[in-house]
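Colleague: So the chains spell out like this:
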Amino acid sequence: MLIITRRPGEKIMVGDDVVVEVIEVSGSSVRIGIAAPKSIPVYREEIWTAVQAENQAAAASAVDELPDDVPTPTRKR
Amino acid sequence: MAVTLQSSRFGELQIPAEAVLDFPSGLIGLGGRRFALLARSEESAFVWLHSMDDPDLAVPVTNPWRFFSDYEIELSDDEAERIGISDPSEASVYVTVRSAAALEDFRANLRAPILVVGSHGHQVINHAADAPVRAPLFAGLQEEPSKAA
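Protein chains in written order, with this note's numbering: chain A, 1 to 77; chain B, 1 to 149.
Keep in mind the hints are simulated off the structure, nothing from the lab. Careful: at least some of the hints might be erroneous.
Computed list of lysine to any residue pairs in SDA-like fashion (alpha-carbon distance at most 20 Å, straight line) [said to hold, decoys possible]:
{"id": "1", "chain 1": "A", "residue 1": "Lys38", "chain 2": "B", "residue 2": "Ser76"}
{"id": "2", "chain 1": "A", "residue 1": "Lys38", "chain 2": "B", "residue 2": "Ile85"}
{"id": "3", "chain 1": "A", "residue 1": "Lys38", "chain 2": "B", "residue 2": "Val117"}
{"id": "4", "chain 1": "A", "residue 1": "Lys38", "chain 2": "B", "residue 2": "Phe23"}
Coverage of chain A stretches by chain B, computed from C-beta distances (three or more under 8 Å per stretch; other residues unrestricted) [said to hold, decoys possible]:
{"id": "5", "stretch": "46–52"}
{"id": "6", "stretch": "61–67"}
For glycine and all other residues, C-beta sits at the position ideal for the given N, C-alpha and C.
Make a model of the complete structure from these sequences and hints.
Modeller: Below you can see the structure in the form of structure tokens.
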């Protein structure tokens, strides 16, 4: 892993198209701005990891576990 | 014109070329690029989102409003711009399903719905409150109606 020291207002280039900027440092929090081409989705890592895990679990679903006819609850959550 | 889909689950299928969906960013963390939706019938609750390129990659999906009547989707402006819509109602919406031996253990991912716009598909992050990654799909079946309120 590349580790770089930056001050607020300073930036990092990832390739030619992605700019990561340190906006503000406050206590243990760092505000970061990311400018990327709109074709590149940007995620918080914990959300990406949770969705990846759920996608993998869904992809492991067995065909014969999925009923053709299911009771359709009309409940409100 | 039809294209061939090889599936480890369903064998070899012929898919109309116009039914092939392009996912520019794939499924989050899984990749894939070209998918097709496979349904046993028009009324099937569950549909398989199946890769055209990987015989093993397929995910069951469903219409979220069939199970969660008050489901809402909020997209970030960046994501709406990325997929080229201003409102989720312009898209066909699916959520991924994790099956299990018992119906009460089925889960749906309300946090990362799949939006199909024309021939393009996108798995997006839903910023609405109360959109869990693992929502029980059949929880209502176990509860008395009086407990729902």
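Colleague: Between the stretch 61–67 of chain A and chain B, see if three or more residues pass the 8 Å beta-carbon test, and mark the coverage as holds or violated.
Modeller: holds (count 6)
Colleague: Verify the proposed pairing of A/Lys38 with B/Ser76, using a straight-line Cα cut of 20 Å.
Modeller: 12 Å, holds
Colleague: Are the Cα atoms of A/Lys38 and B/Phe23 separated by 20 Å or less?
Modeller: Between A/Lys38 and B/Phe23 the Cα gap is close to 14 Å, so the pair holds against 20 Å.
Colleague: Please verify whether A/Lys38 and B/Ile85 have alpha carbons no more than 20 Å apart.
Modeller: 13 Å, holds
Colleague: Count the residues of the stretch 46–52 of chain A whose Cβ falls closer than 8 Å to any Cβ of chain B, and tell me whether that reaches three.
Modeller: holds (count 6)
Colleague: Compare the distance between the alpha carbons of A/Lys38 and B/Val117 with 20 Å, and conclude whether the hinted pair is satisfied.
Modeller: 17 Å, holds
Hint check: no violations occur; every hint is consistent with the structure.
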